[in-house]
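Undergrad: Below are the chains, spelled out letter by letter.
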Amino acid sequence: MKYAYFPGCSLESTAKEFQESTQLVGDAIGVELVHIDDWNCCGATSAHNLDHRLSVALPARNLGIAEGMGMDVVAPCAACYNRMRSAEVELKANVKLRDDINADLEKPFTGAISVKSSLEVFTTSEALAKVSDGIRKKLTGLKPACYYGCLLVRPPKVLGFDDPENPQSLDKAMETIGAEPVEWYFKNECCGASFGLSKSEIVVKLVGDIISNAKKHGANCIVTACPLCMTNLEMRQAAAGKLRGEDLTMPVFYFTELMGLAMEVRGIKKCFASHLVDVNSALDAITADGAMVG
Amino acid sequence: MISDEKTQECMGVIVSGCPVSPEFKREIQELCGENVMSCYQCGECTAGCPAAFAMDITPNQIMRMAQLGLKDEVLESKSIWLCAGCETCATRCPRGVALSKVMDASRQIAVKSGKTCAEPNVVKFHEEFLRQVQMFGRVHEITLIALYKMRSRKFVDDVLAGGQMFLKGKLGLIPSIIKGRREVKGLFRK
Amino acid sequence: MSDIETKIREEAKRALESGDVSLVIGWGAGSVPFKTTPIFIDKPEDAEKLVWNPACVNNLAVYLPKMASDKKIGIVAKPCDIRSIIALIQEKQVKRENLHIIGLGCGGVVDAGDLDNADFHLQDVTGLEWVADGLNVITTSGDHVIECGACLRDMCIICEKREPAIFDAKFGEAVEPQEGEVCALPELPDDRRKFWSEQFSKCIRCYACRQICPNCYCESCFADRIEPKWTAKKATPEESWMFHATRAMHLAGRCIGCGECERVCPVNIPIMQLEIEMAKIAKERYGYEPGDPDEEAPLLGQFKDADHDPGHHGG
Amino acid sequence: MSKVISQDKISDFLNSLMAKYTVVAPMPRHDAPAEFRELKSGDQPIIDGSSPMMPPKDFFLPRYEVLVNVQMGKDGVKLDSPIPEAKPRVLLGAWLPDLQGIQVLDRVFLDKKFTDPYYAARRENTILVAVMPAKLRWSWFCSATDDVEGWKNSVDAIMYDLGDKFYIEPTSDKGNVITEGSFLTDASDADSAAKDAIWDNFKTATKLPMSDERLYEKLAWENPIWGEIAEKCIACGICSYSCPSCSCFDIQDETCGSCVERYRCRDTCQFEEFTLMGHGYNPRDNQLPRVRQRLLHKFKYQHEQFGVVGCTGCGRCVELCPVNVDIRDVLMRTCSVENQETPAES
Amino acid sequence: MRIGVFVCWCGSNIAKTVDVAAVAEAARDMPGVVYSTDYKYMCSEPGQNMVKDAIKEHRLDRVVIASCSPRLHEPTFQRCIADGGLNAYMVEMANLREHCSWVHEKTPETTEKAIHLVRMAVAKVTKNDPLQRNEIPLGRRALVIGGGIAGIQAALDIADAGYPVVLVERTPSIGGHMAQYDKTFPTLDCAACILTPKMVDCASHPLIDIWSYSEVEEVKGFVGNFEVKIRKRAKSIIDEKCTGCGECLEKCPVKGIPSEFDENMGTRRAIYRPFPQAVPNKPVIDRLNCRKFLEDKCGVCAKICPTGAIDYAQEDEVLTEKFGGIVVATGFGLWNHSVMGEYGYGKYPDVISAIQFERIMNASGPTDGHIVRPSDGKTPKAIAFLSCVGSRDQEHGHAYCSKVCCMYNAKQALLVRDKLHDVETYVFYMDIRANGKGYEEFVQRTIEDFGANYIRGRVSKIYPDNGQMVIKGADTLLGKAVEVRVDLVVLATAMQPQNDAKDLARMLGISTDQYNWFSEAHPKLKPVEVLTDGIYLAGACQYPKDIPDTVAQASAAASKVIGLFSKKAILSEPMIANINEDTCAGCGLCVNVCPYGAIELIEVMDKEKSTRENKVMKSVANVNEGVCKGCGTCAAACRSLSANLRGFEGKQILAEIDALADMVKGRK
Amino acid sequence: MSEETKTIESEIEEIKQPKEWQPAILGILCNWCSYAGADLAGSARLHYPESIRIVRVPCSGRVDPMFVLKGFQKGFDAVMVLGCHPGDCHYAKGNYYARRRIAMLQDLLETLGVPRERFHFEWVSASEGNRFAELMTEMTERIKKIGPFDGVTP
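Chains as they are written, first to last, in my numbering: chain A, 135 to 428; chain B, 79 to 268; chain C, 2 to 316; chain D, 45 to 390; chain E, 238 to 905; chain F, 12 to 165.
Treat the hints with care, since some could be wrong.
Anything over 10 Å on all C-beta distances counts as not near chain A; from chain B, calculated [claimed, not checked]:
hint	residue
1	ASN113
2	TYR118
3	LYS193
The calculated DSS-like cross-link candidates involving lysine-lysine, where the alpha carbons are at most 30 Å apart (straight line), are [as the list claims (entries may be wrong)]:
hint	chain 1	residue 1	chain 2	residue 2
4	B	LYS190	A	LYS230
5	B	LYS257	A	LYS250
6	B	LYS246	A	LYS150
7	E	LYS615	A	LYS349
8	D	LYS118	E	LYS902
9	A	LYS339	B	LYS156
10	E	LYS717	A	LYS339
11	C	LYS93	E	LYS615
12	F	LYS155	E	LYS902
Quick partial rundown of chain C residues pointing at chain E, CB under 7 Å, derived from the structure [unchecked claim]:
hint	residue
13	ALA224
14	GLU228
15	HIS251
Simulated from the structure, these hints should not be mistaken for laboratory data.
The C-beta atom is built at its ideal place from N, Cα and C for all residues, glycine as well.
With the rest of the complex left out, here is chain A (with noise of 0.2 Å):
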């Protein structure tokens, strides 16, 4: 499979380790990521606070590249994912909207494509099953408690790959690798999103609230596809766990991490070193028994 691939800022700067990993874990079960050429920012919260035709207008550039490429898009981050894909849906349903900006692009978008998350591309039965292919060792002892945030799953009526209320991709990926992802229940509540600099306190509340439900529900790490949700969880978890008087200190991975660890890709190991809360911790708890014969 062959995938116009939309890093998206965050995946450039902070959310590197994503990248890499996504990178890794795509070439293992040969999911081809071909790089959009000169791609923009999809304008994330900020464009469809202040501006609503900027918010698809800027997704409509990349889009508009991408189709050239004659491929669907694949966007890890979910915040891009969710402004492209809702971009996309405006633009397929509305066509003077999509005429007007199309005016201002050099490579216009008629529909052709769509897009998708690469949790979404990645937990294919199929994707799924070349993991499971790949597995040199099961991460049995690892429970994460698979936290998908709002980007992923919602609205359904636009994104509508994964159940809104208990979306399941990410349990399933992390079953295939043989880790076990713990039943929790804010699996799909808000992180705060893009208020982490702005309205940390509100960040802090929602963070405490998560991790702490994961922690109460036998967790020993989260897993997570979205970069402002990870930035939101680490660098928010020790004023969590003071505001709330509790120890908050969880590892947090993004999926891809876990896969390309299970499949023991090279070079995966070099993405843990990017984290602001050590890992150590969880990688530790993966008992000796997971590792595969050979």
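Go by the hints and put chains B, C, D, E and F onto chain A.
TA: Here is chains B, C, D, E and F on its own, set in the frame of chain A:
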């Protein structure tokens, strides 16, 4: 005090002390396609909203105000800036109304009408973000953080985490700039 | 040819003599050598009057609803005529058991009134026969061979069913169809409407198309009704439109495509265009072909749950 | 005064006529037989006497003609009979039997007891110019129906097709108008001989073997041939509608909102409804009497009424009949039947 | 032709937007019209008298009423002109209200449209023929489908009037949902105490046959003459032999089958009766679970039965019975909340539906009336009741209000406090709809005297935490999000039509609304009838209803049946198909397309038509007037215009279209 | 500004602007569904353009194609036939026969060059008053866009 002129303009409901703008709901509908009159005030949006605790006006009250035309109340509220856009309300609304979109529309109206924002930092963040996109085509996070901090005068916060990120190699020093800047700028013009 | 003609005569004679049938409908010699005329034979000795030649254009099934009785009658029929007969059986105008079908393989027939050309005059024609290269017109001034594409009726050119679908006796072999197609309708609706407007403005309302059609067996045609007067008798383009449109609708899924209506039209209205289009849709959409002996009811006398739904408009 | 006109002058001839008259002549049509039409300038009619499939009677007895318009409104009921204007016209290019057919119509519509005003208006100022072709159609049998010599008087002029030119012979005062013009030359004796040859050929070639018999006496009410024809006749209206002399029409009313239109249109004795009465009884309730009616009317009743038969032998019904009922055949066979009974009625 | 036109103002309903005087004025000039007037209320008595007087005074032979929809008042005016001395079918209506005045602004065009509508009606009535009704025989036996309280009440009322009734119930016992309830609001009567006597009455009534474990499979025929195919499913018990002693019930070894009657809160065995007071009080064998049928083993019940009533070889019996009238009382189903992810997809054992809670509260229920949580059997300390779960929720397919939930929420909140004094109750509601007799007082009592905490706000999410359920809600009156921890959550799930309601509707030829509730003939004036004569609705198969409403409607339906049966004969519908034999070619297309099989080909004498053979017989179509329902499909199919539909004849429709010629011309 | 001056002004405005052309649309509606739906649109006061004139028939199965042909022949700018959704026929199957008949009619009209947009066939139930009103507006707009029908034989 409501001036005589205003009283005449707003027939219908008079909410003490609040000017009423019956056009508001239509403005919202034109911008985002949602009909606020569909809301029957069940409160499910408030119940599920992750940011409701920080809001000055609950989400369902925002809808009620929009229904009545209390435009200023809505546009001057903190709530519209504290919506994280998580879409929980839209997903669960029994009337199929996407309150999240109403929030988007309200923010856009607020910005256009030059209202003083109740949560200036949020706006500053978004403005800075978009300025970067307009300049470079992408967002350079270290510059974003730095510039945002300067504008919002929040110097102390997060210095620790920022430093750590820098050390982890996550915040590059050189912003990446795309070739199609002119094209992207063009998208901003409307 | 004459071989087949002999066989037809023998079969008719046999059937009449044995009392199998009381009557045989067939073609007889016309008033001129390039025409034939329907004849009704009830004496074995008259069987000699039956002919089979390239001018046997008439679809004799048109006589069945009028003549069918409890006595068995014989009919000489080309494959298209037989499809008409099947349609008539399906629509209860005649009973299969009351018919003795003398079926013929066919390669098409000729409407000889149109043959007049520079090479010969019709009054000089003494006979018509099929030869390898086409139609041989025998005249007092010599033979003239015309290729099939230039002399066959339009419907014969595009005809694909050249073997009798049902019969009690069969003579002759089907001849491979020629390449050819009927003229296409204009693409744009407005042009089409103008096209038909011109065509219908020619109509004189002689109703020959209806009268010659085996499927137009109604005892009282809507067009003849005074109350309700769905179409006035006056020959204006709109009224003729109403007549032809309604007739086309009445024949939708029923017309077997013998082309008699078009042949007899004194002002050359391409009536079959409508029916060809209807038949194409019936086949593509419902897999229905009129004159198919396996169908029990006409196209519009049945439905399937999963039928094409013109009332469903997207989401 | 007889004239000739060469083929290459025909357009001048037409132009000069069209300056003064509305000219009706056969115009070719794409994918359909030629039809009589009012000429527009530049039109190139076919004037070879081959005559279109539909006769020119439409110009006197239109296929559809409003007799009365009724308008109902606030001010009550308004009636209006739109009698056409008597425009000066020339009907050109029809061959003689077609125009003889108009004679037959005249007998019906310009009857002294009742003159049809609509017909009369159209007929009054029309000049009939016949064409006599050199080449005859296979279906023509004029001389079998009448002494065609007298037909010359029923038209205003005759143009004989001499190949490269026409011989123009006016047969009435009205007809003289077409012999004026510089493009005409006087006829030579050779021309005259050529046109006589055409006429003689016409007279003899359109005879049938029984032509001398008195048809109207031989056609009988009871005759097995009626049943034979009726059996194959499909009861369409081609024979009547294409007949230059059939004159039957139907009168119908049509409402359209607040107006009523009373019009007449073609009808034929071959249709079941032709004699259907209001209360449901139909004296001619099957095809046999209908077929018989058409022939007896043409050859017998019209003769009884006007002294001449109604058929002009143009052969249209012979050519067009979908089931090859050939009127010539009928006539010949009728005449060869011996010992006919006299009609029971009339 | 002397037509009278009567233009109605309908108060201001028509007159406000249509210039009625101008319409009446314009009508005066229409062909055939000799009299025209307008009046404030044509349907009122003075209005109708005006029509009758005008018929006499102006010797009218046809009438046009330009007022509201013929669907509403056509029968009214048919009766009116019949009283006035005309044939009832010589009237046509122009729908000036629904199709004109209510949907357009006041403009000259609206009045013009009204005139056109009148013109169409005038043109149509010009072509109307007088129609007659014929007498059709009438069978006086009723079928009641559904053995809930509605069916029971209807059956008893009809039988008490002296007509035989067959009561068909698909479960083993009659009783329906009401038998499952603990108490009824607002009187707190014990549901069983008031229901079971009626069930017993049914069983003992000489004119009522209860066919339990049976289902209707096919309905043919028409009012007075229905032919119904009913499948009596094999109970594996010979009814005549079984005494209902119950020995078998004790000994059946297959236990633990979730009990349908207890809403899966309890269990039953393979041979069972749904509940102890079941009627008929005889068990059935559940063949899907019985070892005898699954493995051909066991057979204990047959061995133990003292009367030899067990018959494993029994087969379904399909009977075709004749009925004169049918009462449909098939009741409702409950929405399965397991599609609601935010409430845990039905996976949390301590989130249950209100009907399950009824069973838990019920003294004869699975817990013997002890209120305990399903997860651990502990007595809850706090219970939350959520209203509108699925109801008023278009996103989950029910935009409507289920009508009874507010009341049973209150009832359950009250009763639970009555039983467990220290329990805390929370009722999350959006609005309280308590509009029956004594209802509002009842709710207030629940709040004031029984301390229920009513919280106005819809719940967004429920999740388990530390053995409790956390409810994330909002108090919209307070303007705050709230969180409540409880031990048990009771959901008032939406009432919805039975899953197979649509199938039954098709069988009966009755229509349904967008949700599949059965549609009444008129929402105001014919709430019991459906559009098919002889079929009546009772209870919640039509729309959510509480018990008093259900019983009232059941009695109404019964009285309709009794009214029907008390007629000497029924009159046929005159607007049916007819065939002109003279012109019919006998092609049989109408036979093919008739949805009711009402047309057949028959042989008739033919006028001479062949030129050779004197064919004296010909086939023509013939309509069975009792079976024809007047759809007109045959008329549309008939090419020779021989099949026609009285009242909607081709000439009438053509006249309507022709009448618009001026309009069309005017707009070019 | 007083009420009165406003009215006069707007009236003048109205006179100045030539009245917009309104199409003439013939609707043939089933009594049980779409006709009732139109009634419902009425009771719900849903406004729509006045261009439609409705002929009531008991069932879409009653719709003889001649009704539609006649409508076009008379010069209606559009003709619509509305019936009960498949499976919802008051007469069980009438609409299924109508479906085939109308589908063939649609193609015949196309063959004759009557533009497709001018003939509309749809299922509209008794409860779809909204849809009915919406459809009337849509249809009127659609026909306004393509202009008056110049007749079956222009």
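Undergrad: For every hint, state whether the structure bears it out.
TA: Okay, the hints, checked on the actual structure:
no., hint, verdict
1, ASN113, "holds, 16 Å"
2, TYR118, "holds, 20 Å"
3, LYS193, "holds, 13 Å"
4, LYS190/B <-> LYS230/A, "holds, 23 Å"
5, LYS257/B <-> LYS250/A, "holds, 25 Å"
6, LYS246/B <-> LYS150/A, "holds, 10 Å"
7, LYS615/E <-> LYS349/A, "holds, 27 Å"
8, LYS118/D <-> LYS902/E, "holds, 18 Å"
9, LYS339/A <-> LYS156/B, "holds, 18 Å"
10, LYS717/E <-> LYS339/A, "holds, 17 Å"
11, LYS93/C <-> LYS615/E, "violated, 78 Å"
12, LYS155/F <-> LYS902/E, "holds, 16 Å"
13, ALA224, "violated, 10 Å"
14, GLU228, "holds, 5 Å"
15, HIS251, "holds, 4 Å"
Hint check: violations occur at hints 11, 13; the rest are consistent with the structure.
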